[in-house]
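Engineer: Given chain B's structure and the hints, the job is docking chain Y onto it.
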Amino acid sequence: MFSAGAESLLHQAREIQDEELKKFCSRISKLLQAEDLGPDTLDSLQRLFLIISATKYNRRLEKTCVDLLQATLGMAACPEQLQVLCAAILREMSPSDSLSLVWDHTQNSRQLSLVASVLLAQGDRNEEVSAVGQGVLRALESRQPEGPSLRYLLPIMAKVVVLSPGTLQEDQATLLSKRLVDWLRYASLQQGLPHSSSFFSTPRARQPGPITEVDGAVATDFFTVLSTGHRFTEDQWLNVQAFSMLRAWLLHSGPEGLGILDTDDRSEQEGSTLSVISATSSSAGRLLPPRERLREVAFEYCQRLIEQSNRRALRKGDSDLQKACLVEAVLVLDVLCRQDPSFLYRSLSCLKTLHGRVRGDPASVRVLLPLARFFLSHGEAAAVDSEAVYQHLFTRIPLEQFHSPMLAFEFVQFCRDNLHLFGGHLGTLRLSFPNLFKFLAWNSPPLTSEFVALLPALVDAGTALEMLHALLDLPCLTAVLDLQLRSLPASSERPLWDTSLRAPSCLEAFRDPKFQGLFQYLLRPKASGATERLVPLYQLLQPMAGCARVAQCAEAVPTLLQTFFSAVTQVADGALINQLALLLLGRSDSLYPAPGYAARVHSVLSSQFLALCTLKPSLVVELARDLLEFLGSVNGLRSRASLVTSVVSPQGGHCADDHTDEAGLPEPRPDPQGLSVAVKDEDPDSESSHQLHAQQGGCGSHLHPGHGAADPAEDAQCGPVCAHTQHGGVQPPISPRCQHGPAPGLAHGQPAGGEGGRPPAGMKGQRPGTPVQMKRVRESWERRQGPGWAWHPQRPMGLAPAHPLGFVSEPFSPRQR
Amino acid sequence: MLLFSVQPHQPLDTLPDTASTHPGAMVHAFLIHTLRAPNTEDTGLCRVLYSCVFGAEKSPDDPRPHGAERDRLLRKEQILAVARQVESMCRLQQQASGRPPMDLQPQSSDEQVPLHEAPRGAFRLAAENPFQEPRTVVWLGVFSLGFALVLDAHENLLLAEGTLRLLARLLLDHLRLLAPGTNLLLRADRIEGILTRFLPHGQLLFLNDQFVQGLEKELSAAWPR
Chain B
1 MFSAGAESLL HQAREIQDEE LKKFCSRISK LLQAEDLGPD TLDSLQRLFL IISATKYNRR
61 LEKTCVDLLQ ATLGMAACPE QLQVLCAAIL REMSPSDSLS LVWDHTQNSR QLSLVASVLL
121 AQGDRNEEVS AVGQGVLRAL ESRQPEGPSL RYLLPIMAKV VVLSPGTLQE DQATLLSKRL
181 VDWLRYASLQ QGLPHSSSFF STPRARQPGP ITEVDGAVAT DFFTVLSTGH RFTEDQWLNV
241 QAFSMLRAWL LHSGPEGLGI LDTDDRSEQE GSTLSVISAT SSSAGRLLPP RERLREVAFE
301 YCQRLIEQSN RRALRKGDSD LQKACLVEAV LVLDVLCRQD PSFLYRSLSC LKTLHGRVRG
361 DPASVRVLLP LARFFLSHGE AAAVDSEAVY QHLFTRIPLE QFHSPMLAFE FVQFCRDNLH
421 LFGGHLGTLR LSFPNLFKFL AWNSPPLTSE FVALLPALVD AGTALEMLHA LLDLPCLTAV
481 LDLQLRSLPA SSERPLWDTS LRAPSCLEAF RDPKFQGLFQ YLLRPKASGA TERLVPLYQL
541 LQPMAGCARV AQCAEAVPTL LQTFFSAVTQ VADGALINQL ALLLLGRSDS LYPAPGYAAR
601 VHSVLSSQFL ALCTLKPSLV VELARDLLEF LGSVNGLRSR ASLVTSVVSP QGGHCADDHT
661 DEAGLPEPRP DPQGLSVAVK DEDPDSESSH QLHAQQGGCG SHLHPGHGAA DPAEDAQCGP
721 VCAHTQHGGV QPPISPRCQH GPAPGLAHGQ PAGGEGGRPP AGMKGQRPGT PVQMKRVRES
781 WERRQGPGWA WHPQRPMGLA PAHPLGFVSE PFSPRQR
Chain Y
1 MLLFSVQPHQ PLDTLPDTAS THPGAMVHAF LIHTLRAPNT EDTGLCRVLY SCVFGAEKSP
61 DDPRPHGAER DRLLRKEQIL AVARQVESMC RLQQQASGRP PMDLQPQSSD EQVPLHEAPR
121 GAFRLAAENP FQEPRTVVWL GVFSLGFALV LDAHENLLLA EGTLRLLARL LLDHLRLLAP
181 GTNLLLRADR IEGILTRFLP HGQLLFLNDQ FVQGLEKELS AAWPR
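Which chain is which? The protein sequence lines are B and Y, in order. Per our numbering: the first sequence = residues 1 to 817. Per our numbering: the second sequence = residues 1 to 225.
By construction, these hints were calculated from the structure, which means they are not laboratory data. Each hint should be verified, as a subset may be incorrect.
To be verified - Label pairs and their computed distance ranges (CB to CB): (1) Y:LEU115 with B:ARG14: 28 to 34 angstroms; (2) Y:LYS217 with B:ALA381: 46 to 52 angstroms; (3) Y:ARG225 with B:PRO504: 48 to 54 angstroms; (4) Y:ARG225 with B:GLU234: 25 to 31 angstroms; (5) Y:ASP61 with B:GLU387: 46 to 52 angstroms; (6) Y:ASP62 with B:LEU314: 52 to 58 angstroms; (7) B:SER3 with Y:ARG169: 46 to 52 angstroms; (8) B:GLY209 with Y:ARG225: 27 to 33 angstroms; (9) Y:ARG225 with B:GLN516: 54 to 60 angstroms; (10) Y:ARG169 with B:ALA34: 34 to 40 angstroms; (11) B:GLU170 with Y:GLU218: 35 to 41 angstroms.
Claimed, not checked - Per the computed footprint, the stretches of chain B lying under chain Y, defined by three or more beta-carbons under 8 angstroms from a beta-carbon of chain Y, are: (12) 396-405; (13) 442-449.
For clarity, every value in this text was computed on a predicted model and none was experimentally measured. Cβ coordinates follow ideal geometry from the N, Cα and C atoms, glycine included.
In isolation and in its complexed conformation, chain Y is listed as follows:
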C-alpha cells in the first residue's frame, strides 16, 4: 500500500469549503529527525530523534485485541513517514540549489546559525495519507537536523514558519545542539520545557519579541544552562 497518493480530483462544484471543515488553528505534531548528507554514500536511515503529538487523532473503533498497541504503532509510523518525506524534500532542495554536502556540518559550534537562510519548505499530506485529516508540513533543515511541524490544513503558515524558526533557534541554543558530542536523545526534558512554553498543546502563539524573552527567562530559570 502506498503511503502517499494524490487525492482524486474533485469536480469544482463539489469542492468543500475546507476552511470551515478543518478550522483547526493548531499544530498536530512536532518532530526532530536526522538529515543524511545528499550525494554521499550514507547508508544510515532517517532517524526520528524526538517527536511530540499534540492530542491524538481519534482512535478508530477497533474491537480486536491490542487495539491500543496498533494505534501507537500507527502513530509512530505516521511520524516516521513525515520525517522521511521531509528528508527527501530537503535533499532535493539542497541538490537543486547546489549546496555541497559539507554544508551539513557547522564550521564551528559558536557560529550563529543563519536560520533565515536554512533550507525550508512546506508540503501537503492528503487525508488518510498518512493522517486521517489532511495536513500541511512545514520544515526547516539545520545542518544534519530536520525540524518539522505537522499542521492542521488551514493553519496560518506564516506564523507556523516563524514559530518553527523560533523553536529551532531555542533548541540549538538551549541544548547546544551544534557543539560536538552533545546529543538531544537524553535531553528530552529540555525539549519538553521549550515546547510547553512556546507551543503549548500545539497552539501556535502570536508572541512578540518581549513575550519570547519573558518565556526564555522562565525557561532558563527552570533549566539553567
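Next up, chain B with everything else stripped away, as it sits in the complex:
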C-alpha cells in the first residue's frame, strides 16, 4: 500500500542532488564492472530506477554507467532480475542521445526482447523501429532450432507493425503471413513435455497427454487459444501469440494496409461463384497465395473459436476468455469480409447462429456489440435484414445493463464510432435516445464527452422537443434508475449503488400503481412522441435529489444542453424554433430539485433563448403573448433571473430611445401583478412603450414589432435582432466553448465546451444585444435587484471552461519550460 514511507521515498528520489547521484552511479559502475550480480547490485539498480522514473526532468548519468547498463543487458549469464532493471532504467531515460544499444542476434530471445523495449522507446528518432523489425525478421527467416525463441519476439513484431506500418517489404510480409499460418493452423495437439523427467518416472508417465477443450474433452480439431493442457509446446505458445496479433496484422497486411496491391486481380473475382467455391474448398485453400491463405486460416480459426465458446468451461478464467475470444473472432471476421467479400456468405450463417445463442445470455452481452457492427457493415451487402439485431440491442440492453460501466462505455462508443454505418438504421438509433440516456444518466462522468460527440447525430426535428425534455429530466432519470435497481431482486452481480442512501418513501412511490405511468414514461425505451409532465415525480423523488450520482448527472446537463441546441438549430424550422423557445420558458420553473441544478440550467437556457431569437427574429413577435405571460407569471424571480433578462433583452432591443428602462423592463418583483402595473403606468404615447402595449388582433397585449411599422413581419426582420447585428458583435450565440454554471473543481466529465462549433448560417458575428442596450438593461436590472446581484445575461462566451474532468490541472505546456 502507499504509505507515508513511500511518499518520503519518492521525495528523496526526486530531491537527490547531482553530486550524490554521481557518487551513487560510480558505486553502481563498480559493482557492474566487477560483474557482481548479487543482492547489492539488485538493490542499487532498484534505487536507480526509482531516481530516474520519479521525476519528469532528465537525470544525467555518467557515460560509463550508461554503457555498463547496456553491457549488462547483453551479458549471457546475468540473472533476469538485473537485466529487466537495466532495460527499465534505459527505457525510463528514453529518448536519450547517449544510447549505443544495437540488435545483436547472438543474444538470447529474452535479452533481445529487453533490448527491443529500450529501442522502441526512443520515439523512432533514428529509425530504431525499422531496425528492430528487421532484426525480428532475420530471426523469423533463420528457422534454426537453436536460434532465439520466437515466442518472445513475435509481440515485438506486432508492436513494430503498429508503430511503423510501412516497415516491412512485401516478401517480408509474405514470410510473416506464412509463419502465422503455420502457427495458427498446425500447432501440435499433444501437450508439452515436462522440462526434467525424474529418474523414477515411468516411460508411460512421460508420454505427453492430448490437448483438451475447456470442458475437459479431448480436442476435436486443431489447437487454438481455447485449447488447454498442463504444459505447452513452443508452437502452442506461438499459436497464442499469433492469434493475439492476428487482427492487427490482417489490417496492416490487407490491400489498404501495406500499400501493396494484391497480385491477383480480386476485383474480377469478388463475389463470383468461382471464388466462393474455390475459397470454400480446403484443398484448394492450400494452394492460395500466402496472404489469402492466412485469411482462410484466420476464418477457420475464428469458426473453431465460436464452436469452442459453446463448451461449458470448467474454470472461471476460461469462461471469461471464451467471451473475449468471441469478440475477437467477430472482429476478425469483420476484417476478413471487408478485405474479401467472398467470406461474407460463409460468415453470415455462423454469426446469425451466434447471435441467436448470445442474445439470451446476459453474460455474453458484450459480444452483441461487435456482432451488431458486423451486421451494420455487411448486412446490406449480404441482403440480410438485421433490424432485429438492432432492435434487440437498443431496446433490451440499455434497459437491463445501464449500470455496467464498461458496457455503458463500449455501447456508447459503438454508437459513436459507427454512425457512418447506420445509414437506413439511423432512425432506430435516433428513436432509442431515451434508452441511450440511461447509460448517460447512470455513468455521466466518463460518458458526457462521448455524448457531446454523439448527440448531434441523435438530434432529429421530429423528436427534438421530447429530447430536450429528456435532457432536462436527466437527473430525475438517474434517481429513478437507482430506484429501479433497488427494487430488483438481489442479483449475483451487485451493481454499484449508494447503499447509504435510504429513501423508503421514494421506493414506495416507485411501487405505487398510482405513479406507474409516470415512472414508466421516464423509463421508456424509445421516443414515444408524447411528453408527460413529471412535476409529481420531482416532489416524490426530492429525497434523492442530493445523492452524489444525481449531482454528477446534474453537472453534465448544461454541457449537453449546449450541444443539443447547437445541433437542433441546424435542423429546426421556424415552427420548431418557436416550440423550443416555449418549451425552454415552460420548463424553467419545472426542474428536478437537485442542488444548484436550476441555476445552472437557467444560465444555459437564457443564452439559448437569446440564440433562438437571433436565429429567428420574428419569434419575439409570434410568441409575444407567451413571452408576456411568462414575464407576468414569474414568481420565484431570483431563481430565474437570467432567463427573465434574456426574455426581456430582445424585446428591449428595438427601443433605441432613452426610455428603454421604463418600458423595456417589467417590474421584476415576485408580484406577478407588478408587470401589468408597470406597463399600465407607462405613458401610452411613449414610443418605447409600444412594445408592451401593442394590441394585435384584439386579443390582449402583444409586442409591437417596432416603431410603428405597418407590417409586423417586415418590421420583425429589422427589429430587435437587426438592432443587435448592426452594432456588430463578437460571439456566436452558441459558442463551442461556452460553459455555464458548473462550479469550478466540481464538475466531472464536463467536456471543454460542446462540440457546438458551427453557428447556424448567417449568425456569425452577431451578438444578441447592443452595448448601449445591454448597459441600460443591466443598469435597470441591477437597480431593481439591489446590491450583490451580478449581471450575466450571457456570460462572456469563450471564457476558460471548467476542466472537463473536474480536477484542477496544471497548464499542459511542458515544451515551454
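Structural biologist: Below, chain Y without anything else, positioned relative to chain B:
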C-alpha cells in the same frame, strides 16, 4: 491550454472508418498510481508509482536543442494526466456508489481481494489530448491503488479488462501489495517481470487458465516469493 477537450464533431459523412485507421490491437502504456480517499481532507497529490510505455509515439521533428528532454517530459506529463483522470473517475464512481472512504483500506492483508467487484471503468482520450493518437483508458481501483491500461482506440475492451484484472491480481499476489509496510517503489524488477510475460511489448494475450499458470510458474522460478 486545456489537457482534455472534446473533439469537434465531425459531420456524419466525413467520419473516418476508425477501425482501419487505428487498427492497433496493442496497449500503449500501463501505470500504477495512488488513489486518494474521497470525501476526506487528503491534501496529497496523485502519484504515479510505476509506469511503462510500450514503444513510444513517434517523436516530433523538433530541431531545437534538448528535443529528447522535452519529449521525455511530455511523456511523463501524459502519464500523469491519465493518472489524474483515472483518480477523478474513480472518486466520482466511489461517491456515486456511496462507498465509504474506509473502503480504501483492506481489512486484512490476507483477504482475497474481490477484483470482480472493484471500481472499474473506461474512458476515451481524444487525439492530441494528451496522446497524439486517440486512446481508450481502462482502469481498476484496488483500495488506494489505481491500475490503468492506455489502449489503442479500437482494442478488444473485454480482453483488456480481463488482462488488467489479471495484472492487478498478479501484482497484489507477487508483490504482496496489501501487506502493511510493503511498497512497490523499490520492486520494479518484479513488476517488469510480470509485464514482460503477461503483456509483452503491450500485446494483449489470449491466455487461458493453463497458460496463465504456466507463466506464473515461470515467474515464481525467476522471482521466488
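Engineer: Each hint: holds or not?
Structural biologist: Hint check results:
{"no.": "1", "hint": "Y:LEU115 with B:ARG14: 28 to 34 angstroms", "result": "31 angstroms, holds"}
{"no.": "2", "hint": "Y:LYS217 with B:ALA381: 46 to 52 angstroms", "result": "48 angstroms, holds"}
{"no.": "3", "hint": "Y:ARG225 with B:PRO504: 48 to 54 angstroms", "result": "50 angstroms, holds"}
{"no.": "4", "hint": "Y:ARG225 with B:GLU234: 25 to 31 angstroms", "result": "27 angstroms, holds"}
{"no.": "5", "hint": "Y:ASP61 with B:GLU387: 46 to 52 angstroms", "result": "50 angstroms, holds"}
{"no.": "6", "hint": "Y:ASP62 with B:LEU314: 52 to 58 angstroms", "result": "55 angstroms, holds"}
{"no.": "7", "hint": "B:SER3 with Y:ARG169: 46 to 52 angstroms", "result": "21 angstroms, violated"}
{"no.": "8", "hint": "B:GLY209 with Y:ARG225: 27 to 33 angstroms", "result": "29 angstroms, holds"}
{"no.": "9", "hint": "Y:ARG225 with B:GLN516: 54 to 60 angstroms", "result": "58 angstroms, holds"}
{"no.": "10", "hint": "Y:ARG169 with B:ALA34: 34 to 40 angstroms", "result": "39 angstroms, holds"}
{"no.": "11", "hint": "B:GLU170 with Y:GLU218: 35 to 41 angstroms", "result": "37 angstroms, holds"}
{"no.": "12", "hint": "396-405", "result": "violated (count 1)"}
{"no.": "13", "hint": "442-449", "result": "holds (count 4)"}
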